[in-house]
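Enquirer: For the record, the sequence lines run as chains G and W.
Residue numbers for the first sequence follow our numbering, so the first one is 1 and each next one is one higher.
Residue numbers for the second sequence follow our numbering, so the first one is 1 and each next one is one higher.
Don't read these hints as lab results, they were simulated from the structure.
Worth double-checking, as some hints may not be accurate.
Unchecked claim - One side only, chain G facing chain W, incomplete, derived with CB under 8 Å:
no.	residue
1	MET55
2	LEU149
3	ASP167
4	GLY178
5	LYS182
6	ALA197
7	TYR216
8	ALA217
9	GLU223
10	ALA224
11	ALA225
12	ALA228
13	GLY229
14	ASN233
15	ARG288
What the hints assert, rightly or not - Quick list of the computed label-pair ranges, beta carbon to beta carbon:
no.	chain 1	residue 1	chain 2	residue 2	range
16	G	VAL24	W	GLY258	51 to 61 Å
17	W	ALA254	G	ARG23	53 to 63 Å
18	G	GLY312	W	SER162	51 to 61 Å
19	W	LYS197	G	ALA128	47 to 57 Å
20	G	LYS138	W	PRO122	36 to 46 Å
21	G	GLY26	W	ARG201	30 to 40 Å
All C-beta atoms in this analysis are idealised placements derived from N, C-alpha and C, irrespective of residue type, glycine included.
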Amino acid sequence: MSNTDIGYDAATEFLGRTTNTQRVQGVLHKYPWLSAAIVLAISIVTFSFFNENFMTPNNLSLILQQVAIIGAIAAGQTIIILTAGIDLSCGSIAIFASMVMAKTSFNNHWPAWASFILGIVVGTSAGAFNGWLVSKVKLPPFIVTLGTLNIFLALTLFYATGRTIMDQELDPFYLKLGYLIKIGPFDVTSGVLVMLAMYVVLAFALRYTGWGRHVYAVGDDIEAARLAGIQVNKVLMSVYMVAGFVFSITAWIVIGRVAAASPNSGSTVNLDSITAVVIGGTSLFGGRGAIFGSLLGAIIVGVFRNGLTLAGVDLYYQTFAVGVLIIVAVSVDQWIRRARA
Amino acid sequence: MDQKGTSMMSPVAPVLEAKGLIKTYGRVVAVDGASLRLFPGEVLAVVGDNGAGKSTMIKCISGAEIPDEGTIELDGQEVTFRKPQDSREAGIETVYQTLAISPALDIASNLFLGREIRKKGPLGTIFRVLDNSGMRRIAKEEIMALGIGTIQNIGQTVETLSGGQRQAVSVARAAAFGQKLIIMDEPTAALGVRESKQVLRLIENLRDRGIPVILISHNMPQVFEVADRIHIQRLGKREAVVTPKSHTMNDVVAVMTGALTIPEAEQSLGPVR
């Protein structure tokens with residue numbers, strides 16, 4: 001302890017010094033999806049070590065097919081979470097849209113394209129309803145979507161009268177996304193490609209357009225965004241509507257995947273999509289994250305479940321492992337934030 | 001500071017004139033018939049005790065609040081601001097106490113937040129792609145023009161900057177877009193001595209570029225250092241307008257607290273620069 005005036009310079013030097021830990025934090029902060037990519041790489045290596053069937057084109061294709069629905073929903077969920085919101089009703093919206101598509105086409109004999117467009121309109125409107133409650137009525141997104149989760153579910157059951165529409169009753173258009181396409185050694189469904197296409201479009205919009213920048217700004221600090229002249233309500237509204245659109249495209253993927261339209265499918269999708277987003281490095285507090293991280297997050301969950309199944313591990317332990325993964329992912333996020341607060 | 005011409009009667013029209021602004025929140029009367037005049041090329045300090053209605057009055061001018069009554073004239077034209085956007089479009093920029101910057105975004109993105117530039121051609125018009133390199137270039141020019149040399153990388157996120165640097169980003173944004181006037185709400189409240197000095201230089205810099213500044217501050221020495229005129233607000237009204245030359249800090253504080261009343265003839269309601 002000296003009493004000379006070293007204060008300022010010593011402090012700057014101290015603050016300017018970065019340890020290796022800080023450097024790691026810095027990199028993770030800049031590339032929020034990086035930790036997800038590392039986890040994915042480690043888990044793939046580990047699982048292929050335990051079972052030689054894991055690292056086969058067939059199995060990897062299967063994982064991709066299995067994550068198509070969660071991955072697609074997670075894409076919409078990500079843009080909502082980026083605004084510091086959350087959507088618990090995403091699965092309900094998708095199932096609602098899928099029933100509208102299937103029923104108008106089968107029961108009302110609408111042409112496939114017309115029923116498809118109606119499904120999209122219904123799903124997007126459902127998103128708009130959430131967006132209106134969040135931006136105009138100013139209710140917390142968690143409460144809004146907890147309510148609409150039940151509302152949309154009830155509407156679906158009411159509308160579908162509990163009946164599943166089977167594959168032979170469906171217009172072939174709706175089964176298209178279940179068809180397999182060969183890409184090199186991999187067999188993917190066209191549903192997987194549609195999901196990937198949505199990621200590419202959303203990633204482009206988030207990264208290169210003013211809208212994308214505003215989504216981040218609103219999630220980062222909503223009051224600052226408002227004062228900076230961003231029309232915060234419009235941004236929120238658009239985000240919930242785009243998400244509703246994404247969920248209704250997912251409805252199409254769902255019908256293709258299960259080759260039927262059932263009001264009872266997809267009950268776990270709501271929370272699984274949030275899991276994928278969180279594991280993918282997007283912060284639940286908004287403003288930070290990358291949409292491709294959510295794709296990685298969805299794949300990680302798929303890889304865990306598949307790999308543990310191949311290793312002969314019980315379903316209970318798989319669920320346990322996913323739970324641990326979520327908590328670890330959020331801890332990492334908190335740790336990164338603390339570094340730069 | 002040298003005072004150029006103190007002719008009270010010069011026929012200079014005010015850039016901004018607010019008359020009889022009233023704003024109430026339920027039963028609380030925040031602004032009670034306040035008036036304010038800002039002349040070309042001056043720094044007008046707005047001082048007042050807590051609850052004197054400074055911030056609310058300023059928010060009415062910057063469009064963040066809608067006054068219940070009263071008029072605002074910009075260059076002699078009456079204007080109505082319903083949202084911050086309206087006043088910005090009219091050429092009024094505000095540097096908020098909270099800075100209104102997004103920590104996770106970089107300096108250039110923050111400078112253009114809410115009015116990004118798109119690329120030319122179909123990429124910009126159809127795909128709405130942002131012209132990031134263009135925005136960075138302009139941002140850099142603006143930061144350089146203000147003489148803030150300490151910011152090395154325009155692509156740095158704002159959260160990595162110091163308080164003074166963040167303030168500088170916020171001021172640079174206002175300077176880049178403020179056509180008519182710039183309002184600064186307590187710009188040095190959160191800053192250290194050295195950084196405060198920097199911000200005061202920025203204010204003088206803006207004035208030298210011909211942009212009038214409204215400075216809201218609690219810090220009397222700073223007000224007396226940069227202000228041309230001092231608007232003293234009390235109980236939601238304009239109590240007096242003085243200059244650092246005509247009155248002392250004690251006088252100003254006395255007016256703020258109601259201990260002193262200055263007759264209108266001794267005030268500086270007209271331009272002094």
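Enquirer: If a hint holds in the structure, say so; if it does not, say that too.
Expert: Status of each hint after checking the structure:
no., hint, result
1, MET55, "violated (37 Å)"
2, LEU149, "violated (29 Å)"
3, ASP167, "violated (38 Å)"
4, GLY178, "violated (32 Å)"
5, LYS182, "violated (32 Å)"
6, ALA197, "violated (16 Å)"
7, TYR216, "holds (7 Å)"
8, ALA217, "holds (4 Å)"
9, GLU223, "holds (7 Å)"
10, ALA224, "holds (4 Å)"
11, ALA225, "holds (7 Å)"
12, ALA228, "holds (4 Å)"
13, GLY229, "holds (3 Å)"
14, ASN233, "violated (10 Å)"
15, ARG288, "holds (6 Å)"
16, G:VAL24 - W:GLY258: 51 to 61 Å, "holds (58 Å)"
17, W:ALA254 - G:ARG23: 53 to 63 Å, "holds (56 Å)"
18, G:GLY312 - W:SER162: 51 to 61 Å, "holds (56 Å)"
19, W:LYS197 - G:ALA128: 47 to 57 Å, "holds (51 Å)"
20, G:LYS138 - W:PRO122: 36 to 46 Å, "holds (38 Å)"
21, G:GLY26 - W:ARG201: 30 to 40 Å, "holds (32 Å)"
Checked against the numbered hints listed earlier, the structure breaks hints 1, 2, 3, 4, 5, 6 and 14; every other hint is satisfied.
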